[in-house]
Amino acid sequence: MSESSANIVFAGNDASDDLSILDVLDHVLNAGVVIRGTVIISLAGVDLIYLGLDVILTSVETALRHMKQAQGAAVHKPGTAV
Amino acid sequence: MAVLAYCITDAEAQIDVPKQGLQGKKIEGIVESGLRCYISNYTADDPASKQPVREAALAFNRILQTFLRQTAIIPLRYPTVLADANEVSSFLRDHAGEYRDGLSRIRDGVQMEIRLSSPAWSGSGVENSGAQYLRARQAHYRRVNQIAEELYKAVGLAAKSHKIRQVAEGARCFFLVDRAAVDQFVGNVRSAKLPADVGVRVSGPWPATEFLKED
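First to last, the sequence lines map onto chains A and B.
Count the first sequence with my numbering and you get residues 1 to 82, in order.
Count the second sequence with my numbering and you get residues 1 to 215, in order.
Wrong hints could be hidden among the right ones.
Cβ pair distances, simulated, as ranges [what the hints assert, rightly or not]:
hint, chain 1, residue 1, chain 2, residue 2, range
1, A, 7, B, 84, 43 to 51 Å
2, A, 34, B, 43, 17 to 25 Å
3, A, 10, B, 19, 28 to 36 Å
4, A, 17, B, 17, 25 to 33 Å
Rather than coming from a laboratory, the hints here were simulated on the basis of the structure.
C-beta atoms are modelled at their ideal positions from N, C-alpha and C, and glycine is treated no differently.
Whole structure, please, built from the sequences with the hints as guidance.
Have a look at this one:
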């Protein structure tokens, strides 16, 4: 088994690239206390909160998988719309 | 007036509170039962609320990070909007014991995360039977755990505690690290000898949400 530390990436917590943004969103939206039953969604503006969360509420694993698939398609199938 | 809640801290923690919250509103602390919850007024029809959710969530994270640099926090998920400050007080009162215990458990600690991944772990898709699939998953989990063990050794005393959560492409390893030991933690991970085909992504510091409760 070959060993190396070359694959270690230090991402921090400051959303400096796309993957870091996913890390941050994962923590802000998926981790922490949930106050059930008292969140007043109607005050938050339906077009803002609901629409936005529909777009971004996915796990990091899923998002990373889609990104890698998209990158793979771009590499192996030139000209493929991604 | 509706309020947006950011995080909960020990009421006694000395904090340099960020000047502005989301929508440019002032951040204030609500004290109840030995806890302090930071909030700002929230107006649904404020033009600033038309900020895309992604940008608002990133701004929310920057505010949380300002708190986290100073003390242990229990974050609230974005967006947690409550009817008014009284509702915040009531919530703190109802959960005071649980959150005080959580804060004392993570005191001075932050959470570092290491995500282990490898293309080989996504599944080859050639397993012909359920048994073969289960054997492949078993081998996968065994290897992930071996690598995680190597990481724990490399991290050593830089972390006070650790947890692992298996995910489709590998594992998420969480470490409770003293705020003062983050650099040591990063240095130890940097020197870890791990298989070359494994991706290792280190992120943090984050609020120590994985360590608020005892397993």
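Cross-check of the supplied hints:
1. Our hint of 43 to 51 Å for residue 7 of chain A and residue 84 of chain B holds, since their Cβ atoms are close to 50 Å apart.
2. Separated by about 23 Å at the C-beta atoms, residue 34 of chain A and residue 43 of chain B satisfy the suggested range of 17 to 25 Å.
3. Evaluation of the 28 to 36 Å hint for residue 10 of chain A and residue 19 of chain B yields a pass: the beta carbon distance comes to about 30 Å.
4. Under the hint 25 to 33 Å, the C-beta atoms of residue 17 of chain A and residue 17 of chain B, about 29 Å apart, fit the expected range.
Hint violations for this structure: none, all hints satisfied.
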